[in-house]
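> Produce the entire structure from the sequences given, and follow the hints as far as they go.
There are 2 protein chains.
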Amino acid sequence: MFSPIKNTKVYEQVMDQIREMIDNGVLKKGDKLPSERDLVEELQVSRASIREALRALEVIGLIECRQGEGNFIKSSFQDNLFEPLSIMYTLEGTNPEDILELRKIMEVEASGLAAKRITDEQLGELKEIMERFEHCTDEKMNAMIDKELHYKIAEYSGNVLIFNILRTVSHLVDDFIKDTRKLIIADQEKKKALLLQHKEIYLAIEMHSSVAARKAMRQHLDYTNKYIKMI
Amino acid sequence: MFSPIKNTKVYEQVMDQIREMIDNGVLKKGDKLPSERDLVEELQVSRASIREALRALEVIGLIECRQGEGNFIKSSFQDNLFEPLSIMYTLEGTNPEDILELRKIMEVEASGLAAKRITDEQLGELKEIMERFEHCTDEKMNAMIDKELHYKIAEYSGNVLIFNILRTVSHLVDDFIKDTRKLIIADQEKKKALLLQHKEIYLAIEMHSSVAARKAMRQHLDYTNKYIKMI
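Top line first, the protein sequences correspond to chains R and F.
If you're matching positions, the first sequence starts at 1 in full-length UniProt numbering and goes up one per residue.
If you're matching positions, the second sequence starts at 1 in full-length UniProt numbering and goes up one per residue.
Bear in mind the hints are in silico, worked out from the structure with no lab data behind them.
Since the model is a prediction, treat every value here as computed from it, not as a measurement.
Hints are supplied without guarantee of correctness; some may be wrong.
[Unchecked claim] Result set (DMTMM-like, lysine to aspartate or glutamate): computed pairs, CA atoms no more than 20 Å apart in a straight line:
id, chain 1, residue 1, chain 2, residue 2
1, F, K28, R, E92
2, R, K152, F, E58
3, R, K147, R, D174
4, R, K192, R, E148
5, R, K116, F, E121
6, F, K104, R, E101
7, F, K32, R, E92
8, F, K9, R, E64
9, R, K28, F, E92
10, F, K28, R, D38
11, F, K116, R, E97
12, R, K29, F, E101
13, F, K9, R, D174
14, R, K9, F, E58
15, F, K152, R, E101
16, R, K104, F, E101
17, R, K116, F, D222
18, F, K104, R, D98
19, F, K74, R, E83
20, R, K74, F, E92
What follows is the structure, encoded as structure tokens:
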């Protein structure tokens, strides 16, 4: 009797085996994979198939290849949603307003959660960023602190998925709608408005008021989105 | 003088060239890529590098290989977030409650947006699903209709990104927390409660009331999440 021939490609079977070892906890974050040569021997497939599988795993952000050292399971997955979301954005002809809408939803919820969950130590960090923000006169630096503040609030939501999606979405916004921040900051009055808005968000989180934090973040994004849409 | 040697790997350069053709609109959804042989000739790199790049593009969900026909830019990107989110979930040791929290946020917002944007034709489709839901006695079918209803509401939010992220997150929930739906549906009283909850969501959307739709969806998910957390 013949045995059934599986239609799965060889490189996919190699990937599946590696995925399985991860699911079973045999391979963990930061672990080193066996060498290409060892994989060829153990899995009894061609070196080309092993390389295809490794490249594919590298591209989806599961492993990283360190020159001269070998292949490792990555230890951070913060940015591995960017590539697929970015492709979806380009090829699906996504409306830029869809990104802004999604970002607003996520930022508003992240603020609400941060207000609930933030620790005293984290509040100290946020306060320090706010102080730098207030005293900063350099426009480029100002934009960076602005971003840092938003990232920290997303992080302090305490939900890794929300943090990572929000990072990715903000990255997309930055990539596709570049010069808004500069446009707003160049205007002294708008700059003052932005500072006040961030202060309100900070104070709401400091008071641990989810309702106020969500409201302040919503107002802030309604304000900035208005300028983005004008471009 | 030497010219600088780029450290980018060959397969990455091949991928970049294909990405560029997409960004420039030379390649669109559903388009056929040149054959492997033509790519080897045009890009002057080894067949192995071309294959690595193509496999990688296949794995990130950008192209699909149809046997005997060649490689095509995919025409749907609905599921290309699943793999990276799933990896993040497994390796970051994400808390299952983080997924439930994210799903709730997205579903609540999607309902609110659907109530605002749904067309009469879409409402007709939703009504037809609700009628099937009410008259269905088979438990497996019931679970499928339940899912269909949630997907349709996500779709009618009118935001492709929200729809795709929500699909992915629901998929993750299904994958990691398998038997809740069965557990709830097996109990006749709970089954009745679920039907009523879905009816409330439907009616709120029919009235185009965002506030009511968000509230109904939030209550529904608070109810089901309670059972998921008990497992």
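> Against the structure, test the hints numbered earlier, and report the numbers of the ones violated in rising order.
Numbers 2, 5, 10, 12, 13, in rising order.
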